[in-house]
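K.L.:
Each chain, written out:
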Amino acid sequence: GNSVTQMEGPVTLSEEAFLTINCTYTATGYPSLFWYVQYPGEGLQLLLKATKADDKGSNKGFEATYRKETTSFHLEKGSVQVSDSAVYFCALILYSGAGSYQLTFGKGTKLSVIP
Amino acid sequence: DTGVSQDPRHKITKRGQNVTFRCDPISEHNRLYWYRQTLGQGPEFLTYFQNEAQLEKSRLLSDRFSAERPKGSFSTLEIQRTEQGDSAMYLCASSEAMGYGYTFGSGTRLTVV
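Residue numbers (my numbering), protein chains in the order written: chain A, 1 to 115; chain B, 1001 to 1113.
Please note: incorrect hints may appear among the correct ones.
[Stated by the list, open to error] Stretch by stretch, here's where chain A covers chain B in the computed footprint (C-beta under 8 Å, at least three residues):
#1 1028–1040
#2 1043–1057
[Claimed, not checked] Straight-line alpha carbon distances no greater than 20 Å define the calculated DMTMM-like cross-link-like pairs of lysine to aspartate or glutamate that follow:
#3 B:Lys-1014 x B:Glu-1044
#4 B:Lys-1014 x B:Asp-1086
#5 A:Lys-107 x B:Asp-1086
#6 A:Lys-49 x B:Glu-1096
#7 A:Lys-110 x B:Glu-1044
#8 A:Lys-107 x B:Glu-1083
Just so you know, these hints were derived from the structure itself, not from any lab.
Computed from a prediction, not measured in an experiment: that's the story for all the values here.
Yeah, the Cβ is synthetic: ideal placement off N, Cα and C, and Gly gets one too.
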C-alpha cells in the first residue's frame, strides 16, 4: 500500500534558524506530493506541492523538491519565524481506481519556534 | 465563496448517543471527501462523494457510520451509538471535477465521554 514517513517531533527551533523536516514515501504508482500545515484548532492548509520528479514546490519561504530516486520530499526553510509554529504534514495523492484521488498523510511533525 | 464550512466546530457527547456533522463544500466542487484525524496522527480517508453518489468507503467506516450528500450539495456524516474511540477531528474537503486540489474545512472535533 501507500505510506508516508516523516521525522518525528516535536521540533523546537530558535527564530531565524534553518528548518528541515524529512519526508519519505512508498507508493504503488506515481504520486503527487504535498506539504500541509495545521495551526492549533484549525483544519489543514496546503503549503506547497510538486507533481513530478525534480519539481520544486515553494511558498512563504518554504521549499521541497520531489526526489523520485530517493522517494523523498523534505521540507526546508532558511529562517523560521514564531508564526511558523504549527504541525506540518507530508502527504501523497494517487488515483484510487474507483473515482477518487485519496490523500495519504504522514503522522505530522510539530514545530515550535521560540523568540 | 467562503471555502469549505463545517458545523459544529466542537461536539461533546455521551457514549451511546448519535451525532451528526455537516459539511458545506465550495459550490462549484463536485467531489467531497471525509477524513478522520485522531490525536497525534495524520488524517485518514473515510469516504468520497462525486455529486450525490457515494463512490468509495474506507474500511475505517464501520456500520455505525453513515454519510450522505443529498442533491450533491452539502454532506452529513452521522455516527450512531458513539464510542470513546470515535473521539477525533472529522475533516471535510472538496475538490474540482477535473483536479485533485483539495480545500479542507476547519473540522469538527468530537469528544465522546
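K.L.:
Could you run down the list of hints and mark each one as holding or not?
P.N.:
Okay, the hints, checked on the actual structure:
1. Chain A is given as covering the region 1028–1040 of chain B, and this holds because 4 residues of the stretch bring a CB closer than 8 Å to a CB of that chain, at least three being needed.
2. Counting residues of the region 1043–1057 of chain B whose beta carbon lies closer than 8 Å to any beta carbon of chain A gives 7, which meets the minimum of three for the stated coverage.
3. Using a Cα cut-off of 20 Å, the hinted pair B:Lys-1014 and B:Glu-1044 is violated, with the two alpha carbons roughly 24 Å apart.
4. In summary, the hint linking B:Lys-1014 to B:Asp-1086 is supported, as the alpha carbons are separated by about 11 Å, within the 20 Å threshold.
5. For the proposed pair A:Lys-107 and B:Asp-1086, the alpha carbon gap of about 18 Å is at most 20 Å, so the pair holds.
6. At most 20 Å may separate the alpha-carbon atoms for a hinted pair to count; A:Lys-49 and B:Glu-1096 meet this at roughly 17 Å.
7. Restraint check for A:Lys-110 and B:Glu-1044: satisfied, since their Cα atoms lie roughly 18 Å apart, inside the 20 Å limit.
8. Among the hinted pairs, A:Lys-107 with B:Glu-1083 is inconsistent with the structure: their alpha-carbon atoms are about 23 Å apart, more than 20 Å.
Violated hints, listed in ascending order, are 3 and 8; each of the other numbered hints is respected by the structure.
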